[in-house]
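Colleague: Go by the hints and put chains B and C onto chain A.
Chains as they are written, first to last, in our numbering: chain A, 1 to 165; chain B, 1001 to 1111; chain C, 2001 to 2698.
These are computed hints drawn from the structure, not numbers from a lab.
Glycine included, every Cβ here is placed at the ideal spot set by N, Cα and C.
Each hint can be trusted.
The calculated DSBU-like cross-link candidates involving lysine-lysine, where the alpha carbons are at most 30 Å apart (straight line), are: (1) B/K1096 x C/K2676; (2) C/K2671 x B/K1096; (3) C/K2586 x C/K2604; (4) A/K26 x B/K1096; (5) C/K2670 x B/K1036; (6) A/K26 x C/K2671; (7) C/K2671 x B/K1036; (8) C/K2118 x C/K2178; (9) C/K2676 x B/K1036; (10) B/K1036 x A/K26.
Below, a sample of chain B positions facing chain A; criterion: calculated Cβ distance under 7 Å: (11) L1014; (12) V1020; (13) V1022; (14) L1024; (15) V1033; (16) N1050; (17) I1054; (18) L1071; (19) A1073; (20) I1078; (21) A1084; (22) I1086; (23) L1088; (24) V1091; (25) D1104.
Far from chain C, some chain A residues (derived; all Cβ distances over 10 Å): (26) A13; (27) K26; (28) M60.
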Amino acid sequence: MELYDIIFYLFAAITIVSGIVVVNAKNIVHSAFSLLLTFFGVSGIYVLLGADFLAIVQIMVYVGGILILLLFGVMLTNKITDVEIRSGSFQVFPAIIGLAAFAAILFGVMTSTNWKTESFEIPATTTFQLGRLLISEYALVFELLGILLLVALIGAASIARRDKE
Amino acid sequence: MQEEIRNKKLEVGLNHFLTVSVVLFSLGLYGVVTRKNAVMVLMGVELILNSANINFVAFSRFGNFGINGELYALFVIILAAAEAAIALAIVLNIYKRFANVNVDEINNLKE
Amino acid sequence: MSEIANINLSIIILLLPLLGFFIVLFFGKKIEKLYLVEVGIITLAFVLSLVVGFSKLGTYLHQDLLYSFTWIDFGNVPTIGNLHIDLGIKIDNLTVIMLFVVNLISMLVHIYSMAYMKGDSRYSRYFAYLGIFTFSMLGIVLTDNILMMYIFWELVGLSSYLLIGFWYEKKSAADAGKKAFLTNRVGDLGMFIGILILFTNYHSFSFDYIYSQMSAGILPFGSEAWLTAAGILVFMGAVGKSAQFPLHVWLPDAMEGPTPVSALIHAATMVAAGVYLVARIFVMLTADAMLVIAIVGAVTSLFAATIALTQNDIKKVLAYSTVSQLGYMVMSLGVGAYTFAFFHLVTHAFFKACLFLGSGSVIHSMHHEQDIRQMGGLRKKMPITYYTFLIATLAISGVPLTSGFLSKDGILAGTLAFGELTGHWLIPIMGFAVAFLTAFYMFRLVILTFHGTPRDQHKYDHAHESPFVMVLPLIVLSTLSIFFWYTPNPVSPDAGWFASQWVTTPHTVVPASSSFDFMINENNTHAETSEHGVITHSEKYMHAMHWAHYPAMILSLVLAGLGILLAFTMYQWKKISPDKIAESVKGLYNGSLNKWYIDEFYNKTFIGGTLNLGGLLNWFDKWIVDGIVNGSAAFTRVFSKISGYFDSYIVDGLVNGTAFLSGFIGFHFKKLQTGKVQTYIVLVIFSMLILFYFIGPF
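Chain A extracted, bound-state conformation (with noise of 0.2 Å):
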């Protein structure tokens, strides 16, 4: 067991437990709090593999942008006043027994596959090469992008407010 590994487990576990609380909380507040560290440890699973502007992207969109707004979600879709935040869950048995089923296939191609993991150089910083990447080789999706969020923004902004005229 080397740093690496240990380090690896510990945000491993992380994401799995939080995650496993994101799904179970009977509390909205709570799934959105332990939502937040299921992001913090997708985004140290990001660091140990070398994609170090990624886990600053997770921690800056995830955290700061879809969860506040998540959470915004929570406060204006609740009554505030009421302390029961909460929301329960139906067809649970079906769903385990399902989902479990799948993951283990999931798994079980996973194992059976023979990947070929050829190390690959990752350089010191991938913020350069990712910059260079987006104006280069990708410019056209980075502009459609650019677009997608602004349609996004408009048509959100249009959807929420439609009743009031």
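Modeller: Same frame as chain A, now just chains B and C:
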């Protein structure tokens, strides 16, 4: 650190990362399928997207694909942001119409 | 100018009025002065038609300019072979002369209407209608095939309908429009059948192609009778449009439209389209068809002239005079005097348009008084209108030094020659009678309107000369009624460029056995004809024409002089009282005054007949058809009772059973449909598991 990682015989390999990804994916799907609150369903979707991202980065690291995998993960994050914004707008509309966001009670499809 | 430039210019001339129509129609309400655009467009079209005319008559005098393209290609049609419908234009001398005439008169009428129609509530729409009319008329003139001609023919009918009924608030105007349209339909039906006969046999609409086939000896259904029938049927279209007997009834009623319209459409251009059509099909007319046409024309012209004698409405007199003159042209074509028919068409267009516009000027200044018994003495009040009107009257009466004298003289000589050659002497006799009557009633009109003392002092006091834009067209048109535009020799058109060079009789394509023998020149072949423009009649006919020339001239002069003299004696000097004459031939007078009861006859026979037939059908419906229906209804009722029992017990039992079964199954399967998306996802997951089990890697 890179040097160290390469020189040492590490226990953790591709499969470990993929296992985390599988578990996270199943958890996300479980959340999507079982939770009643629409916001919770969205959280499940985020979990699924994260597991996919782990896959991207892991293959990018262990496969010989260069850095492109990471770039795709980046795109997924952007898409996730857009998706979350739209989905929450829809959820707000549902709330305005039905006064709750429980997906199991919104079953107009049945009639 | 090259051929293609001429053709392009012609297409531009054709499309310009259409452009004007759309501009004025769509934007005329917004912009008041837009009618000026329409006037400008027509003027431009006129200038262009002058250019094309000079180029064609100068450079390509004996050559036709053709352009056509395939419109619809049906490919290889069984039993016919390759079938395609071509559209195109053909510019020959007739065409450019007509282009000039139509555009000139249209332009003058546009200018005239600016003053005449001032203050009308649909001012701009009026100009739009004039534009669409000009477009359709030019289409008839330019086309090289009978299909396009038919299309534009109907368009002309439509625009005529719109313009006659322009003041549709007046019931009489709306009725007149309807009458014109329906009467024209009768003739057009015949024309349509004629076109069908031609197309069935030649699989082409092109005039040139059909004629080339005919001259190669291919006849419709292989028989000369069918050729005669085709000619007469197509001529029926001309009967309708050119108001020939018995379909002439619409033209006098069409005078309900605005007077400039009467001048443009119902005097100069549209009604001449019928004559133009006969000129186009002239080469395929057999002797029998030509005789029919000659008789129809002669009867029409005499018939209308007798009615014109007693009419008191200034426009009605001119209308019947138009019918009469059109009959003249048709008769002229029928007797083979092709050149003079077309010549008369052109000269008549000018002087009749002048007469109509002059009458419009009178009506305008008399505040829409049209009864000539209320007029008189207007000579002093409206000198320009009077003198131009007088020149046009002299022309239509056939007084020397006018254009009408030349063309009329030619026609009368043609009828005389025809009588000499074939023995049909009745036709020239009718022609000369009409010449006499025309001179009489036209001078009656002039004397009652402009001479003597005013009979309605109040209206006379208010009368005034029309504004400049109204008298300008009158001056132009009356100038064009003088001989020197057509020939340098005031007594014979033969020396002129018009009759000897521009319009020459085309070579007939009808087999010699069914054609008048004088129509075929023994010495000249078809090729020579087109190269040198030699008249294709036989030597015998040339002799007959030569012989007829001076007698016809002298006779027509004497008759016209007598007619004028009689008119002056009766109305100017009052030596003979018209009333006494009317009293002594009361029957004839009343017949003429009431248009020989043709309208009443049609009302009784066709319209009344249709109504009676309708009544009969109504009775038949009520008693026979309804009886059958009711009987069968009773039977059905009994039968349905029986089948009702069968239905409610046996069929319904089955149906209800099926429904119950479906409901039972549905009730149980319904439980699968929860309406919850998440349930569906779970089902999808299980389905995927099953799929994995069957086709998966394990």
